[in-house]
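Engineer: Construct the complete structure from the given sequences, taking the supplied hints into account.
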Amino acid sequence: MPSPIVTATMQAIVFGASSSILAQGFAAYNQQEFFNLDQIDVFRFSILGILTTPPNFKWQEFLERQFPSMKSIAAQSHSKATDDEKNVAGKMGSLGARLSVRNTVAKFFLDQTIGCWLNTLAFLLLLGFSKGKSLTHIEEQIRNDYWSMVFSSYKFWPLVTLTNLILIPVGQRILVGNIAGLLWGIYVNLITAG
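Under the UniProt record's numbering, the first residue of the sequence shown carries the number 1, and numbering increases by one thereafter.
No false leads were slipped in.
List of simulated lysine-lysine pairs, DSS-like, C-alpha gap at most 30 Å: (1) Lys155 / Lys133; (2) Lys58 / Lys155; (3) Lys71 / Lys58; (4) Lys155 / Lys131; (5) Lys58 / Lys131; (6) Lys58 / Lys133.
Quick caveat, the hints were computed from the structure, so don't treat them as lab data.
Structural biologist: This is the structure:
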């Protein structure tokens, strides 16, 4: 069985290619044109998945390690627990776990600032290079499009991130993120088609 990072990267390749194909189909339908698959664009978005998923996977691991989603109730309330409760907790290993609001807020803030900003920059750089654009052109595109892409992402990703952090078990978050990425990828494909 492949490692979680390999699985996440494979999912990102499939979802990246799918978002390109679906976006091309939507664009052809809206323009009432015959669908002509741009295989280079499909390949480009697959490569973006290969290049961006491992660092994002490691980023999410880092955030979870530094700010665990769940805190042991026994650890949080051990000093308030009665001797009987402490004995039971010791035998059972814990009194349970609950969501750490403080850690969730910290992860959300870091992901929607540093994570978002670096991902947007990486996307614009990699997309420009993959299209054979000059460094000057890429720099101009970053200057012109960076903040509008960041602000556009804030209409979508905060809800996905909060849902992921609050409702989704840690082991399933990459899959949920990849599925959301499919939808986001369709949007990005449509706006970067030029």
